[in-house]
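Respectively, the protein sequence lines represent chains A and B. Using our numbering, the letters of the first sequence map in sequence onto residues 2 to 115. Using our numbering, the letters of the second sequence map in sequence onto residues 71 to 181.
Calculated directly from the structure, the hints in this document are not laboratory data. Some hints here could point you the wrong way.
[Said to hold, decoys possible] Calculated pairs, DSBU-like style, for lysine-lysine (alpha carbon to alpha carbon, straight line, at most 30 Å): (1) B:110 - A:15; (2) A:72 - B:107; (3) A:58 - B:110; (4) A:10 - B:127.
[Unchecked claim] Output of the computed footprint for chain A on chain B, the stretches with three or more beta carbons under 8 Å from beta carbons of chain A: (5) 95 to 105; (6) 115 to 122.
Cβ atoms here follow ideal geometry from the backbone N, Cα and C, with glycine treated the same way.
Each chain, letter by letter, is given below.
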Amino acid sequence: DGGITQSPKYLFRKEGQNVTLSCEQNLNHDAMYWYRQDPGQGLRLIYYSQIVNDFQKGDIAEGYSVSREKKESFPLTVTSAQKNPTAFYLCASSIDGGPGNTIYFGEGSWLTVV
Amino acid sequence: EDKVVQSPLSLVVHEGDTVTLNCSYEVTNFRSLLWYKQEKKAPTFLFMLTSSGIEKKSGRLSSILDKKELFSILNITATQTGDSAVYLCAFRGGNTGKLIFGQGTTLQVKP
């Protein structure tokens, strides 16, 4: 089945540790995105990539890093510099970055930092 | 600064009621407006609107965009308990494809 796979679904980490969230898609989409969602709030853009080996900061990139070495993969690292990392993280993709294309989401990853 | 505002933030209705969810936006380079339904996990796509006055319809759900007044509405008729979810409105501006989301409307449909 085609889709976007995020892993792990649930992750607990101690404060000060870096964690990496995986996002893989087999939709042959060029554009990929990472969003963060806090309780009772909408989604906020962390990073996005419109093509392999290229990515841009979103609205809340501080404390996060990404890579886009392969078209199908866009991992997100939550570093110890992120002040409040506990949140629901959503990966998404679209055919390309064009405004007429729908963005599809993965199932999300819950990160809890204790 | 571009922003999207949804109202109401939460809504409780009974099965069979009709609801209207609102989304207003202030953007510098509007390209499209999207509606998503989120039940616990991933948002699922409902509609994409690019032109004013053209209603998009899918079953009991419909949506329309007013580019002059800068708002969109999502209507759900004959609501069912399965419609309980967070409904997210997002606009897309510029050429990057990224979405700017509103805070969402939480809809609860009681039996």
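Against the structure, the hints come out as follows:
no.: 1; hint: B:110 - A:15; verdict: 25 Å, holds
no.: 2; hint: A:72 - B:107; verdict: 27 Å, holds
no.: 3; hint: A:58 - B:110; verdict: 27 Å, holds
no.: 4; hint: A:10 - B:127; verdict: 33 Å, violated
no.: 5; hint: 95 to 105; verdict: holds (count 3)
no.: 6; hint: 115 to 122; verdict: holds (count 3)
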